[in-house]
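K.L.:
As you go down the protein sequences, you meet chains C and R in turn. If you count the first sequence from 1, position 276 lands on 276 in our numbering, and the numbers rise without skipping. Add 314 to a position in the second sequence, counting from 1, and you land on the number used in our numbering.
By construction, these hints were calculated from the structure, which means they are not laboratory data. Treat the numbers as computed from the prediction; the structure is a model and nothing was measured. Ideal Cβ placement from N, Cα and C applies to all residues, glycine included. You may find that some hints are simply not true.
Below are the EDC-like pairs computed for lysine to aspartate or glutamate, each with C-alpha atoms no more than 20 angstroms apart in a straight line [claimed, not checked]:
1. K3/C x D174/C
2. K342/R x E550/R
3. K467/R x E23/C
4. K360/R x E608/R
5. K467/R x D50/C
6. K467/R x D46/C
7. K342/R x E608/R
8. K420/R x E388/R
9. K311/C x E288/C
Part of the chain C face toward chain R, derived, beta carbon under 7 angstroms [as the list claims (entries may be wrong)]:
10. D30
11. D87
12. P96
13. G156
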Amino acid sequence: MDKRATRDAYGEALVEIGERHPEVVVLDADLAESTRSHRFAERFPDRFFDVGVAEQDMILLAAGLALAGKKPFASTFAVFAACRAYDQIRVSVAIPGLDVKIVASHGGLSVGEDGATHQSIEDLALMRVIPGMTVLVPADYWSAYRLALALAEHRGPAYLRLGRPKVPVIYGPDEEFRIGDAKLLRGGRDVTIIACGHMVFQALRAAEALAERGVEAEVLDVYSIKPLPSSVISYSLKKTGCGVVVEEHSVVGGLGGAVAELSSSCCPVPIKRVGVADRYGQSGGVEELWELYGLTPEKIADAALEVLHRKRGF
Amino acid sequence: MEDSSVVPYGEGEGKGFELSPEEETELKLIANGIRRDIVQMTYMAKSGHPGGSLSAVEIMVSLYWRFLSHRPHEPWWEGRDRFVLSKGHACPVLYACLAARGYFPKDMLWTFRKLGSILQGHPEYGKAPGIEATTGSLGQGFGVAVGMALAFKLDRRPNRVYVLVGDGEIQEGCVWESAMTASFRGLDNLTAILDHNGLQIDGSVREVKGSLYPLREKWEAFGWKVVEADGHSFRELFRALGEAVSTRGVPTVVIAHTVKGKGVSFMEGKVSFHGKPPTASELEEALRELADRERAIREGRA
């Protein structure tokens with residue numbers, strides 16, 4: 001299976017965006033090679049600004065550039081974007097509703113060896129709670145590529161979360177992705193598995209394992225955490241009657257939180273959230289960490305059987 | 315002076331900023347009127363920040379009546395210079411200036427801080443015409459102004475950017491991140507004005523965090539040109555701001571030495587009036603003092 005990193009898609013997409021949109025400028029905070037924004041820097045050196053190790057400054061500059069008619073994409077690691085510069089994002093970007101795209105690479109535990117300080121497991125919750133913020137988590141190379149392009153057409157504040165490791169490519173290069181929508185990757189009537197980012201391919205594997213046991217799982221790639229594709233999710237949950245939400249994020253406040261909020265108000269069904277259980281990560285290999293923190297096809301399948309049991313038992 | 319024509323910036327490398335005695339008198343009268351609006355607004359809002367608004371009056375009048383290239387009746391004019399009030403809590407002075415220049419009717423001032431008002435407790439971009447950035451979380455407007463200046467440089471546009479920062483405000487670390495960017499990028503289209511009234515909420519700047527000094531050397535070390543001025547003298551402010559306009563290659567900071575609460579005797583130098591409005595009797599007294607001052611200006615005694 002072809003494996004590619006979502007951050008690599010961003011670097012490639014930026015070059016295409018740069019060609020099409022002369023108003024786009026790109027900022028980075030001393031991580032241009034890691035975030036892949038250096039691909040834009042090589043092609044459009046005049047429209048690229050490395051601010052050094054200064055994430056707060058980067059977001060403020062992006063706000064000022066947007067106020068003067070530019071369309072800034074600001075990239076750094078997810079922990080530094082969402083956590084370090086949070087108040088700058090809130091006050092200078094989000095309250096005035098500016099057209100600033102925050103592109104956060106190295107999201108989730110899969111940063112790996114860098115450990116807890118660098119593993120962003122809170123960013124989706126932090127960004128999702130900001131009024132007017134668009135929050136996107138692509139699952140693979142092509143969805144990351146397409147969603148980066150979609151952001152170039154979108155207006156307003158947005159947060160795009162990308163990852164470090166190479167993960168299986170799920171989509172073809174021509175697949176289209178609309179902000180606020182989701183992808184139905186597998187149909188099923190027993191249980192809905194809702195996933196985002198790196199957990200989408202894990203969810204697909206879990207669905208295969210469940211199928212062997214006679215359980216038909218529906219798999220949704222909910223790459224748009226905000227705006228949440230509420231009708232797609234609630235339609236599926238109503239149909240199957242139970243759900244599992246999987247994300248490389250804390251079980252508090254991320255996609256799991258969003259789906260639980262939705263479900264409680266329109267389709268209360270048993271739901272299990274699979275993610276990092278309200279604790280920090282640690283150093284280790286990607287696969288080791290996913291294993292230790294329960295982000296595996298086996299754990300997802302277990303969760304599916306559990307909600308299925310609860311659905312039938314009630 | 316209400317409809318005074320706008321003077322474009324930069325003509326004659328700062329020599330266009332001469333100040334005749336008649337103009338100075340006129341500006342003093344305008345400043346006095348702005349002070350009247352500030353105390354009245356904060357009284358009517360029953361909240362707000364009169365102290366740090368009063369200290370910035372001459373700075374703001376210099377900008378809005380002389381240095382800024384702007385069109386009050388065309389607030390989104392592309393060629394306008396930008397002003398960012400990084401010390402957003404001092405918005406009474408900004409709102410009073412915008413109203414006086416015709417951005418919105420003066421009556422709006424009495425809605426300040428009230429439900430549904432375009433004049434929010436801290437300035438919000440998009441709410442009132444003439445507000446160029448959302449500020450109030452200190453230190454941020456400064457970096458936003460640097461971003462604007464960067465955009466104008468990139469496009470080789472002549473627009474200038476002015477940003478007003480407080481002396482307590484520059485204790486925020488992100489100010490210095492952005493200060494480095496501004497000098498590194500050679501943003502000579504950017505002028506920062508430091509309203510140095512020496513007071514912050516918990517006491518004097520010296521008491522709270524005296525290591526903020528020396529100011530001049532700190533800014534110089536960050537690559538900025540530094541000009542100092544008496545922040546209540548139009549003559550000195552014009553010289554300093556004119557020098558900033560004619561400076562090439564680096565951004566300029568004007569350290570404006572000011573008095574918090576300036577113009578209202580019982581507010582002058584008082585930390586207590588940082589975020590406290592006047593009472594009814596204090597308002598009366600303040601307005602009486604300002605009326606006396608107006609007479610003195612007209613009679614050439616102030």
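K.L.:
Given a cut of 7 angstroms on the nearest C-beta pair, is the interface hint for G156/C held or broken against chain R?
P.N.:
Check failed: Cβ of G156/C comes no nearer than 12 angstroms to chain R, outside 7 angstroms.
K.L.:
Keeping to a limit of 20 angstroms between CA atoms, is the pair of K3/C and D174/C held or broken?
P.N.:
Roughly 17 angstroms separates the two Cα atoms, so the pair holds.
K.L.:
Under the criterion that the straight-line Cα-Cα distance not exceed 20 angstroms, is the pair K467/R, E23/C satisfied?
P.N.:
The hint holds at about 14 angstroms.
K.L.:
Hinted pair, alpha-carbon criterion (20 angstroms max): K467/R, D50/C. Please report holds or violated.
P.N.:
holds (16 angstroms)
K.L.:
Against the 20 angstroms threshold, does the CA-CA distance of K420/R and E388/R hold or violate the hint?
P.N.:
holds (17 angstroms)
K.L.:
Min Cβ distance, P96/C to chain R: is it shorter than 7 angstroms?
P.N.:
holds (4 angstroms)
K.L.:
Compare the distance between the alpha carbons of K342/R and E550/R with 20 angstroms, and conclude whether the hinted pair is satisfied.
P.N.:
Satisfied, since the Cα-Cα distance of roughly 13 angstroms is no more than 20 angstroms.
K.L.:
Are K467/R and D46/C close enough, with their CA atoms no more than 20 angstroms apart?
P.N.:
The given pair, whose Cα atoms are some 11 angstroms apart, holds under the 20 angstroms limit.
K.L.:
Please verify whether K311/C and E288/C have alpha carbons no more than 20 angstroms apart.
P.N.:
Violated. K311/C to E288/C sits at ~32 angstroms, over the 20 angstroms cutoff.
K.L.:
Below or equal to 20 angstroms on CA atoms is what counts here, so check K360/R against E608/R.
P.N.:
Since the Cα atoms of K360/R and E608/R sit roughly 25 angstroms apart, the hinted pair is violated (cutoff 20 angstroms).
K.L.:
Have a go at the D87/C hint: is there a Cβ in chain R nearer than 7 angstroms to its own Cβ?
P.N.:
Holds. Min distance 6 angstroms.
K.L.:
Is K342/R within 20 angstroms of E608/R, Cα to Cα?
P.N.:
holds (8 angstroms)
Taken one by one, the earlier hints fail for this structure at numbers 4, 9, 10, 13, listed in ascending order.
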